[in-house]
Amino acid sequence: MRILAIDDEPIFCDLLKTRLDQLGYTNVDTAFTGQDALDIAASRTRPVECFIVDIRMMPMDGIELVRRLRALPHHQATPIVMLSALTDKASIDAAFMAGANDYITKPLEMVELKIRLEMARNILAERAQARLLHEHVLKQEAILFPSADFGGEIILEDVPGAVSLMSMENFLLKQGNIRLRQSSAIGFSLPQAERYFHKMDPTYYAVLIGDMAQAISRALSAYPHMLTCPGNGDIVALLIDRPHVDTALIEENLAHEIEALRLRFSAIDMTLPQIDIGAPVRTGLFRTQCPTTLIARARRAARAPERAGEAGQLRAIA
Amino acid sequence: MTAPARSTPGSHVARSTIEDALEGMRRDFCAGLDARICRIESARLDVASDTRAALESLKFEAHRICGVAGSLGLNAVSAQARALEEHVGRIEGRPLSPDEQKELNRRVEDFLDLLEDHLTDD
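The listed protein sequences correspond, in order, to chains A and B. Counting along the first sequence from 1, when you hit position 235 you're at 1707 in this note's numbering, and nothing is skipped either side. Counting along the second sequence from 1, when you hit position 1 you're at 5 in this note's numbering, and nothing is skipped either side.
If we strip away everything but chain A, and leave its shape as in the complex, we get (with noise of 0.2 Å):
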């Protein structure tokens, strides 16, 4: 894996990249300012596969550098892990909603370098497989794609927000709680998605949920949120900050927005499937579940009735 370490230190820059040789990654390259890391970036002969961004630069700080990074066609996908002293929460925000896929603290530990590589290691592998999918859409052959399971994620590329269930789960676990508190979760569910898929290539079955999810996304563009197709035709939403949503908005903007997508598919013969939609659901201050267990219980509540104690569902678009 070829690694780019951003830092304007370059005593930590040396540090990093011992660091990083000792845990076996040895093809390491270092630059100590946003521009250089782009130009370094912009290669496609050699490029760059997993970025490491300090947070707080001079002049251009690691949160542009990783919007900038994210709008190279070839890098949207990239892992990126965000470095800093910083652990206020906002920097760890504006780090997610710029496209990091990870963030990690300042004293360096070891222990955790090694576990959030080995997270970016797994984004190239999944990365790898959404490329696949989007090439064989490309080719638009109708063989089934071996790998493809319905059970399993669906990397969605250029959908406004889009994350995978990983960096979605590394972002609520690095919430604290009382500030989760302040964001909740919407499950979105395909009752038939099951039927879809098997009726279909697995391939076209993803473009479908990837059409689904940009039309949630559209649908909520009023709130700065995360969206992951964590699989068994699920799309789950995070609304950060936001610990109360209008729902009927929500409803009104999606009914709008799936009314568009079916004339699209109308024109093809092609049904759209139903989608439910979930009441939103937050963690409670003195509970003691694990963060991500918000991404659970937002699937459950778009395909359940409501229930004592539970989120269920609002509504359901056919």
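Incorrect hints may have been included.
As the list claims (entries may be wrong) - Straight-line distance between alpha carbons at most 30 Å, and here's what the computed BS3-like set of lysine-lysine pairs gives: (1) A:K1489 <-> A:K1586; (2) B:K106 <-> A:K1489; (3) A:K1646 <-> A:K1586; (4) B:K63 <-> B:K106; (5) A:K1489 <-> A:K1646; (6) A:K1646 <-> B:K63.
Claimed, not checked - Derived, one-sided and incomplete: chain A residues facing chain B with beta-carbon distance under 8 Å: (7) L1487; (8) Q1494; (9) Q1686; (10) E1723.
To be verified - Calculated from the model, a selection of chain A residues having no Cβ within reach of chain B, i.e. all distances over 10 Å: (11) L1580; (12) M1638; (13) D1673; (14) I1740.
I should point out that these hints are in silico values taken from the structure, not numbers from a laboratory. We put the CB at the ideal spot given by N, CA and C, even for glycine.
Once you've looked at the hints, dock chain B against the given chain A.
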């Protein structure tokens, strides 16, 4: 007699090589502390005339020292840098009372003393 360098399972580079490299970096960091001390001292002197910029500069320097020093094993320096960064974060964005200026001065001086203790002539 020094034990021969040996790789531990999962490690790529011999431990003594890493320790040598880290020691070299620690020496470089300490030798370069004089420039950081000058910048901090200069920011401290500017607090009365240009509070916002001076506090921003103090916070930035403390932040950078915190990250590097802690990663090099200079934990006391890192902890005090973080404490200073957090203190500046609490008081920035408004005019400082005389007591706050005094408290800030005290903290910066303590921090500079600590940095000077680590300063080497390399």
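Quick rundown of the hints versus the structure:
no. : hint                : in the structure
1   : A:K1489 <-> A:K1586 : holds, 13 Å
2   : B:K106 <-> A:K1489  : violated, 41 Å
3   : A:K1646 <-> A:K1586 : holds, 17 Å
4   : B:K63 <-> B:K106    : holds, 17 Å
5   : A:K1489 <-> A:K1646 : holds, 25 Å
6   : A:K1646 <-> B:K63   : holds, 23 Å
7   : L1487               : holds, 6 Å
8   : Q1494               : holds, 5 Å
9   : Q1686               : violated, 39 Å
10  : E1723               : violated, 41 Å
11  : L1580               : violated, 4 Å
12  : M1638               : holds, 23 Å
13  : D1673               : holds, 42 Å
14  : I1740               : holds, 53 Å
Of the numbered hints listed earlier, those contradicted by the structure are 2, 9, 10, 11.
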